[in-house]
Amino acid sequence: SQTIHQWPATLVQPVGSPLSLECTVEGTSNPNLYWYRQAAGRGLQLLFYSVGIGQISSEVPQNLSASRPQDRQFILSSKKLLLSDSGFYLCAWERGGQPQHFGDGTRLSIL
Amino acid sequence: GEDVEQSLFLSVREGDSSVINCTYTDSSSTYLYWYKQEPGAGLQLLTYIFSNMDMKQDQRLTVLLNKKDKHLSLRIADTQTGDSAIYFCAADSWGKLQFGAGTQVVVTP
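Taken in sequence, the protein lines are chains E and Z.
Under this note's numbering, the first residue of the first sequence is numbered 1, with each subsequent residue one higher.
Under this note's numbering, the first residue of the second sequence is numbered 1, with each subsequent residue one higher.
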């Protein structure tokens, strides 16, 4: 069966520090991968999606970037975090138009 | 307005039925989804319906789709305290999912 892992689960970072969140999928190949952000009490905002290694589409201009160095690995990064980057970050995968399946999320707090 | 809209809050007594409503704008959406999010957790896929269906039932869950009005609902029968969560409606649009803001369901004894 397929599983998706995100880490870390919780992260507290100072303003201006770098960020790296990782997401990996097991049990499938060539998945489409997604990064979402959920602000407190709000819905999900799609940040990035990827249909293959090295292929990244950005949905909103922001302080973040994404990379896909391997087929089942998706990384969300920032060189300098802003206060507004706080939120709950969710990674998701799907394949062949099937429903998206989500990881457990990373709660990021910026101080 | 938003592409997918939901009411923000629903309070229901344990044992009663819950109905969560959702409207969407993209008439070309092929699939419509319901996800559940418990506090501090990711989103769990509950059920989904193909756009050529009117209804789908899965144990205590019933999804109704009115494609003409672009209205989707989720009915939870015999609501339990474990059903307390935020429920998200989502519609696929040009290969991506558009999510509503979520409906917080609170189940009271």
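I should point out that these hints are in silico values taken from the structure, not numbers from a laboratory.
Treat the hints with caution; some may be incorrect.
Said to hold, decoys possible - Once the Cα atoms are required to be at most 30 Å apart in a straight line, the calculated DSSO-like pairs of lysine-lysine come out as:
#	chain 1	residue 1	chain 2	residue 2
1	Z	Lys-96	E	Lys-80
2	Z	Lys-67	Z	Lys-96
3	Z	Lys-96	Z	Lys-56
4	Z	Lys-67	Z	Lys-56
5	E	Lys-79	Z	Lys-96
6	Z	Lys-96	Z	Lys-70
Stated by the list, open to error - Which chain Z residues stay away from chain E? Per the calculated CB distances, all over 10 Å, these:
#	residue
7	Gln-44
8	Ser-51
9	Thr-62
10	Asn-66
11	Lys-68
12	Asp-69
13	Arg-75
14	Ala-77
15	Thr-81
16	Asp-83
17	Lys-96
Said to hold, decoys possible - Derived coverage of chain Z by chain E (criterion: at least 3 residues anywhere in the stretch with Cβ under 8 Å from a Cβ of chain E; other residues may be distant):
#	segment
18	31 to 42
19	100 to 109
In this text, all values refer to a predicted model and were calculated from it rather than measured experimentally.
In this text, a Cβ means the ideal position worked out from N, Cα and C, and glycines have one as well.
Against the structure, the hints:
no. : hint                   : verdict
1   : Z:Lys-96 with E:Lys-80 : 28 Å, holds
2   : Z:Lys-67 with Z:Lys-96 : 19 Å, holds
3   : Z:Lys-96 with Z:Lys-56 : 22 Å, holds
4   : Z:Lys-67 with Z:Lys-56 : 14 Å, holds
5   : E:Lys-79 with Z:Lys-96 : 27 Å, holds
6   : Z:Lys-96 with Z:Lys-70 : 18 Å, holds
7   : Gln-44                 : 7 Å, violated
8   : Ser-51                 : 13 Å, holds
9   : Thr-62                 : 18 Å, holds
10  : Asn-66                 : 21 Å, holds
11  : Lys-68                 : 24 Å, holds
12  : Asp-69                 : 21 Å, holds
13  : Arg-75                 : 20 Å, holds
14  : Ala-77                 : 22 Å, holds
15  : Thr-81                 : 22 Å, holds
16  : Asp-83                 : 19 Å, holds
17  : Lys-96                 : 6 Å, violated
18  : 31 to 42               : holds (count 6)
19  : 100 to 109             : holds (count 3)
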